[in-house]
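J.: If you're matching them up, the sequences are chains A and B in order. Its first residue numbered 1, the first sequence is counted upward by one per residue in the working numbering. Its first residue numbered 1, the second sequence is counted upward by one per residue in the working numbering.
These are computed hints drawn from the structure, not numbers from a lab. This list has only true hints and no planted wrong ones.
Cβ-to-Cβ under 7 Å is the rule here; a few derived chain B residues that face chain A: (1) Leu-49; (2) Arg-71; (3) Ala-103.
Derived DEER-like restraints, expressed as beta-carbon distance ranges: (4) B:Ser-140 <-> A:Ser-184: 54 to 60 Å; (5) A:Phe-316 <-> B:Ser-140: 29 to 35 Å; (6) A:Gly-273 <-> B:Ala-182: 33 to 39 Å; (7) A:Val-134 <-> B:Thr-58: 28 to 34 Å; (8) B:Asp-65 <-> A:Ser-11: 49 to 55 Å; (9) A:Leu-194 <-> B:Ala-109: 25 to 31 Å; (10) B:Ala-113 <-> A:Pro-172: 54 to 60 Å; (11) B:Ala-67 <-> A:Gly-137: 19 to 25 Å; (12) A:Thr-175 <-> B:Arg-16: 56 to 62 Å; (13) A:Leu-105 <-> B:Ala-113: 54 to 60 Å; (14) B:Gly-106 <-> A:Leu-153: 37 to 43 Å.
As the structure is a prediction and not an experimental result, all values here were calculated from the model. Note that the Cβ used here is the ideal one computed from N, Cα and C, for glycine as well.
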Amino acid sequence: MTRFGLNGALSVGLVALAFGALLVGPFGLTPEQTVAALLGQAGDQAQIVVWNIRLPRVAGACLVGAALAAAGASYQALFRNPLVSPDILGVSAGAGLGAVAGIFLSLPVVLIQLSAFVGGLAAVAVVMAVASAVRGGDRVLTLVLTGVVIGALAGAATSLLKVLADPYDQLPAITFWLLGSLASVTSADILPALPAVAFGLLPLVLLRWRINVLSMGDEEARALGIEAGRTRLLVIAAATLVTASVTAVAGVVGWVGLVIPHIARMLVGPGFGRLLPASALIGAGYLLLVDTAARTIAQIEVPLGILTAVIGAPVFVWLLASGRRGWT
Amino acid sequence: MRLAATDLAIGYGRERIGADLSLALGPDEIVCLLGPNGCGKTTLFKTLLGLLPRLGGTLALDGADIARMSRQDIARAIAYVPQAHAPPFPFEVLEVVLMGRTARIGTFAQPSARDRTIAMEALATLGIADLAGRDYARLSGGQRQLVLIARALAQEAPLIVMDEPTASLDFGNRLAVLDRIASLARNGSGRCVILSTHDPDQALALQARVLAMSAGRMIAEGPAVDVLSSARLSEIYGVPLTVERTASGRRVCLPELQSSAATIT
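Please take these sequences and the hints and turn them into a complete structure.
T.: Okay, here's the thing in structure tokens:
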């Protein structure tokens, strides 16, 4: 199969998965009813189930999965390390702190999301500022270590808020948010995230060739004609925007951005022009499967972060043990 | 294309590694930079490439100050061949060579069919067209070095800077890579290749112009046969060396092993 054909096949597969996910749930729907509902020709109840409940959730899962996997692929290329995930520079820790602060202050949902979004961007901005103030040494290593430091600080602040939070009202909400969930997602949550994700993906798509070159290392990229520092800053800003946008909607969902780019790289190779769409498509399908499982396997909603970790950890070990193609 | 440095001072930040370095590079020549470990060869190369800011003197490419040029303009004039390395991802050989086209395509562009043709030609020039579809990370050191040289050719820069291109290679690959390098800057190609090496015999074999460095200074310059005398080599490397002429007329550099005067630096 050609590589273009592979991304085509992945797209078809994703559409089929999405349609399948629309059928699954406590309210039984046949494929015919679902198609009719999508076309606006079904009964009121089916119409509401499809359009107001399942479709936002299916779209949300696809958006979050695609965004996290695309951001993960970008960060991995940028940091020249296949073990990097989108939260390497503290975006998840910052978004977590922002959301937890919002819940702690009993803000309305939309402000909690905004607070998470701003928290994620702010954490990375602080990392970039601190790292650029550090003179000398390896720029990339400095960035990563600063990301670890700021992430730990944000984690400590989050823990403090958890200790202070109302254990009956706020703490369950905080815990649920930090593990990620699409249980209460509506189209009103997704619609503002869509343009933000698209705006963040745009530079990643446009710079796809230069991101390849950046993964050869700063010095070589510069010798090959790229203003490495400026390009890296742009890619970090774009990938961070993408991650913060979906984290604000779904909470902290780990593992997707780490594992999915590996699988995509095995299928289409490391060339970023193919890796980015493949990662996004596989990430979308993967999180769609996981989220559909999260809302159907048990009486309660299972947090996404738990499922992605339970699936991601053994898959990652398997990748480590078998593949080797992605490492040197 | 001419690269000219006068009284160049080089180093990292405040740490000055070399000074008073003057050199000129022009078309159709091979230049060998010789010098012991730590004398500043790599630092000089990085400064010539504009990767490190110079600490003094002037450095101009066809009269234009390198420090004021964009990375793209520099890359169109000067290509860099680092020592063979392994990237973190399994890029295909052709993809690695295509990266040499980066300075020739738009910021948001992908390499075109024409770029692919140029990259394939570069591989063919070095006799490794059959490697195009292979995983770069799984090649031997010698093959990787040739791929990186092909990338520099695809860059279509008149000046190619090679940092110890044979350092990590076995004996056979060293000769093979050297042989290809020799063919690059001759035959009216208009190219200039400057390479650093630890092996004075390479400079003699390439009939190169030699720049000899020691402790951050340029101590000699000229054709290899003139510069690389027994006395000069012994001075550069701090061990007794003799240059002898073989029966076929070639010159080779030989150590005088019986001496115990050698000091390891």
